[in-house]
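> Assemble the whole structure, with the sequences as input and the hints as a guide.
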Amino acid sequence: MRVTNVVFAGLGGQGVIKASDILAQAAFRAGLDVKKSELHGMSQRGGSVTSDVRFGDRVYSPMVPQGEADYLIVLEPSQVEVNLPLLRPGGVLLSPEIIPPDRLSNKRSLNVALLGVLSGLVGLDPDAILAAVRQALPERLYQINERAFEFGREIAERG
Amino acid sequence: MDRRLCSGDEAVALAACDAGVCLGTGYPGTPSTEILEAFDALGGRAQWAPNEKVALEVGLGVAFANARSLVTMKHVGLNVAADPLFTAAYTGVTGALIVVTADDPGMASSQNEQDNRRYAVAAGLPMIEPADAQEAYDFVFRAIEISERWSIPVLFRMTTRVCHAKSIVTRDPSAAPATQKAYFEHDRSARVMIPANAKPAHRRLRAKLAGLRDWAEQDAFDAGLNQFVPGRSDLGLVTSGVAHLHALEAAPDASFLKLGLVHPLALDRVRAFAASVDRCVVIEEGDPVLAEALRAHDVAVTAKPERYRFGELDVARVRRILAGETAAEPAPPRGKPPALCPACPYHPVYRVLRDLDCIVAGDIGCYSLGVLPPYETFDTLVAMGAALGVGLGLRHALPEAEARRVVSVIGDSTFVHSGITGLVEMTYNPPPTGHVVLVLDNQTTAMTGQQEHPATGRRLNHTPTTRFSIEGVARAIGIDQVAVIDPVADEGGFAALLRERLAANDLSVIVARRPCILAAAGIRRWQAQASGPAGTAPAPGVSV
Chain A
1 MRVTNVVFAG
11 LGGQGVIKAS
21 DILAQAAFRA
31 GLDVKKSELH
41 GMSQRGGSVT
51 SDVRFGDRVY
61 SPMVPQGEAD
71 YLIVLEPSQV
81 EVNLPLLRPG
91 GVLLSPEIIP
101 PDRLSNKRSL
111 NVALLGVLSG
121 LVGLDPDAIL
131 AAVRQALPER
141 LYQINERAFE
151 FGREIAERG
Chain B
1001 MDRRLCSGDE
1011 AVALAACDAG
1021 VCLGTGYPGT
1031 PSTEILEAFD
1041 ALGGRAQWAP
1051 NEKVALEVGL
1061 GVAFANARSL
1071 VTMKHVGLNV
1081 AADPLFTAAY
1091 TGVTGALIVV
1101 TADDPGMASS
1111 QNEQDNRRYA
1121 VAAGLPMIEP
1131 ADAQEAYDFV
1141 FRAIEISERW
1151 SIPVLFRMTT
1161 RVCHAKSIVT
1171 RDPSAAPATQ
1181 KAYFEHDRSA
1191 RVMIPANAKP
1201 AHRRLRAKLA
1211 GLRDWAEQDA
1221 FDAGLNQFVP
1231 GRSDLGLVTS
1241 GVAHLHALEA
1251 APDASFLKLG
1261 LVHPLALDRV
1271 RAFAASVDRC
1281 VVIEEGDPVL
1291 AEALRAHDVA
1301 VTAKPERYRF
1311 GELDVARVRR
1321 ILAGETAAEP
1331 APPRGKPPAL
1341 CPACPYHPVY
1351 RVLRDLDCIV
1361 AGDIGCYSLG
1371 VLPPYETFDT
1381 LVAMGAALGV
1391 GLGLRHALPE
1401 AEARRVVSVI
1411 GDSTFVHSGI
1421 TGLVEMTYNP
1431 PPTGHVVLVL
1441 DNQTTAMTGQ
1451 QEHPATGRRL
1461 NHTPTTRFSI
1471 EGVARAIGID
1481 QVAVIDPVAD
1491 EGGFAALLRE
1501 RLAANDLSVI
1511 VARRPCILAA
1521 AGIRRWQAQA
1531 SGPAGTAPAP
1541 GVSV
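For the protein sequence lines, the chains are A and B, in the order given.
For the first sequence, our numbering assigns the number 1 to the initial residue and increments by one for each residue that follows.
For the second sequence, our numbering assigns the number 1001 to the initial residue and increments by one for each residue that follows.
Since the hints were made in silico from the structure, they are not lab data.
Any given hint could turn out to be false.
To be verified - A few chain A residues that face chain B, going by a derived Cβ cut-off under 10 Å, partial list only:
1. Phe28
2. Glu38
3. His40
4. Gly46
5. Val64
6. Pro85
7. Pro89
8. Gly91
9. Val92
Stated by the list, open to error - No more than 20 Å apart at the CA atoms, straight line, and that leaves these computed lysine to aspartate or glutamate pairs for EDC-like:
10. B:Lys1336 with A:Glu150
11. A:Lys18 with A:Asp57
12. A:Lys18 with A:Glu150
13. B:Lys1336 with A:Glu76
14. A:Lys107 with A:Asp57
15. A:Lys107 with A:Glu97
Claimed, not checked - FRET-style restraints, in silico, Cβ to Cβ:
16. A:Arg134 with B:Asp1214: 46 to 56 Å
17. A:Leu93 with B:Glu1376: 31 to 41 Å
18. B:Asp1490 with A:Arg108: 26 to 36 Å
19. A:Tyr142 with B:Phe1086: 47 to 57 Å
20. A:Gly90 with B:Arg1309: 29 to 39 Å
Each residue gets a CB set at the ideal place from its N, CA and C atoms; glycine is no exception.
Encoded structure:
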């Protein structure tokens, strides 16, 4: 399997890193080589955050080269334009507008809803990604996030 | 087999755990902080020191007792610890002393991007550099073996993309070197560095390094620290750290000589490697440390162009280096800059500093975001604790009207780390206009992710211990006016107090105390646990 490059982008506190952790964990459990990295600390305090996940038979660098992301998942409308150069030509952009905010019972589960959309596209078993969602969250948040994930999945199926 | 997806920092903690490290100590600093937190979570004995110098000295004591110690810090922390480090190279150790220096090329969360491989050369210490989490795990074992075999501290250099990047780690405790019992044996000629002992100690150090240099040529390859990967004969790449992975992706067919032992260098092997390929390029992040060392020994290698000294490397930049690309690099995406949290207790502080038109000698922490709009109040930021000295220097030199506007602003953890001696200087050599030090006490090390420190009264694992009193120390040092105030509950009172102290010729310390908004819930939880039957530490109060 060639290396799949996924970049999550948004602002600090939106769950960008959580989403990338979940996807990386799902790829790991699928038996693939995985690397993921991001910058945290000072520069992320309330500012822009991106996180890179790469998986396939063999992954070398932990960073997605600029212009080579197969999927760019953006959680904050203002961060779409600035991060577009990360996407390869023909790559898939998932922007927050595809999830109508009134369809989420908690807007903090936007990251998981977008993972739901991605789950139908990215070549991993969607149920394995959902299992990784459950593993990454406290039990009291399961239900809200499972609904968000399933909603995202439906959107992807409807195209 | 225990396989897991984990960060380089977690991998170091896992290895420390599996190798029976007796004590882990350090000072929080991105990207190194998670090592000790993970070591604690794994059941290791981990503690925060007031600063890196103390941490290194504690670690050295552990290693004098034939036990294993792990000391962690960010790159600039090694500057603070450099004094004991250089002489620890002379004394050597009986057990193992592994000093992690986590460098931050590109300055994601630092005030400079110094390349601490220079310290290995300067102090005369072996340095090991992993490229990913698996190597971080494996190489800790090798570092301990080297430290114990040559009785020498070992520098373990990581970078942001090794510390924080996650990859798959297979854990193998059976590969860890066997531990020994702690004991003390007098060895004054080796450990008491009066000149008569230090002179032969320096010669011993150089002899150890000569032995290590021989070891680097073959044994370091057998141990997996250095690696030769045969490939194309027209292109050979000498690499270290995460740059190796970028290079593997950029030129998968090239021949590689990857150095995990970056000091001392396997010079003969690199020389033979360079001679075996048509073109030999050194791919390294940061300063051209390897390229300079190799060229100084007449090894025919090409260094990267000067522009790649700045910032991190990545696959695209390595491709450009190899292609000799001279056109300007594409700019990285410009995101939203960081900002003080909306509910940060320092907003009223910065409003007042701005409204009073203060000249602010600032310090290291997330409060340094006060330099950005809308406040733009920070005028200097140099090093941990520098707010004190720089503020005093400004007071000494400026005409009175301007001198009176100077305030030193420092956080609580930073104050404990390096601010105390600045206060001593203030009472010893007071400026004619006096001085005002503002300690922003949010009761946590906020910047690095809410770590405990001596003034929180809790240890790394949040259990209660003796609380260091910032105001108590200020009074004991002889500061004329010491006040504690909550700047959020009483912004007007804070403004009036600061105005009054700036007008006076006194030496003043104002502790602006209010918990970090991100840490507040955790602080309440730890305090509630502490006030149970076993608890002793009361919540610090506010008084003027």
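> Run every hint past the structure and note whether it holds.
Going down the list of hints, with the structure as the test:
no. : hint                                : verdict
1   : Phe28                               : holds (4 Å)
2   : Glu38                               : holds (7 Å)
3   : His40                               : holds (7 Å)
4   : Gly46                               : holds (4 Å)
5   : Val64                               : holds (9 Å)
6   : Pro85                               : holds (6 Å)
7   : Pro89                               : violated (15 Å)
8   : Gly91                               : violated (15 Å)
9   : Val92                               : violated (18 Å)
10  : B:Lys1336 with A:Glu150             : violated (31 Å)
11  : A:Lys18 with A:Asp57                : violated (23 Å)
12  : A:Lys18 with A:Glu150               : holds (18 Å)
13  : B:Lys1336 with A:Glu76              : holds (11 Å)
14  : A:Lys107 with A:Asp57               : violated (35 Å)
15  : A:Lys107 with A:Glu97               : holds (12 Å)
16  : A:Arg134 with B:Asp1214: 46 to 56 Å : holds (54 Å)
17  : A:Leu93 with B:Glu1376: 31 to 41 Å  : holds (36 Å)
18  : B:Asp1490 with A:Arg108: 26 to 36 Å : holds (34 Å)
19  : A:Tyr142 with B:Phe1086: 47 to 57 Å : holds (54 Å)
20  : A:Gly90 with B:Arg1309: 29 to 39 Å  : holds (35 Å)
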